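Undergrad: Could you put together the complete structure from these sequences and hints?
Okay, so the sequence shown: first residue is 1 according to our numbering, each after it adds one.
Hints listed in this document are in silico derivations from the structure and should not be mistaken for laboratory results.
In this text the structure is predicted, and so the values were computed from the model without any measurement.
A hint or two may mislead.
[Claimed, not checked] No more than 20 angstroms apart at the CA atoms, straight line, and that leaves these computed lysine to any residue pairs for SDA-like:
1) Lys118 <-> Ser132
2) Lys136 <-> Asp183
3) Lys136 <-> Arg116
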Amino acid sequence: MKGKPVWRFCYLIIVIAGLILLGCAVQGDGQGPGRQESSREQDGGQVSEAGNGAGTEEAVRTVPVVLYFGDNQGYLVVERREIPVTKAIARATLQELCRGPASGSGLNPTIPPGTRVKDINIRDGLAIVDFSRELKEKHRGGSSAELLTVYSIVNTLTQFPSVQQVQILVEGRPLETLAGHLDISGPLKRDASLIRAHNETN
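TA: As structure tokens, this is what we get:
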């Protein structure tokens, strides 16, 4: 009779030990996949950061362009500028022209303030560029200023091999003249005679 309680006690200990071991095994299996999932999320985050870094490097790439602004002697003067790489390089270059010359350059803006590039299309060597009404309405007038405005646009655009002529529109319509002196009703070609001597090679 005394042997039965001892046997039952040993059996109970074995059962409890088995339950404890089973519980540990279940917990261990549950933690494994969790660690693997966490690792995948971390790897994904690192890939995303690398992609963002590549995007940032791409965004700061620039290309050199030539802009033409006026001087006090009635000539166009070259200003070289770096602008972000873009497929719409002609439009971006004209937008830089509208912003005016660099501070402290001593050059004069050729485009009236507030003028916007509304559209530009290039086909078969002809660039048709449409400006907002400020190009005409805010122009300061005078034959010399008109000449510099028109040919700062034409000479800036014809730096690109795809452009040989430029047609200027204002609010989608061609004009006979911008300020009463120069006929701009048709396409215009580059005029290098307005560029200050030796300026393009300096």
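Undergrad: If a hint holds in the structure, say so; if it does not, say that too.
TA: Hint check:
1. Lys118 <-> Ser132: This hinted pair holds, its Cα atoms lying about 6 angstroms apart.
2. Lys136 <-> Asp183: Holds, at about 13 angstroms.
3. Lys136 <-> Arg116: 12 angstroms, holds
The structure meets every hint from the earlier list without exception.
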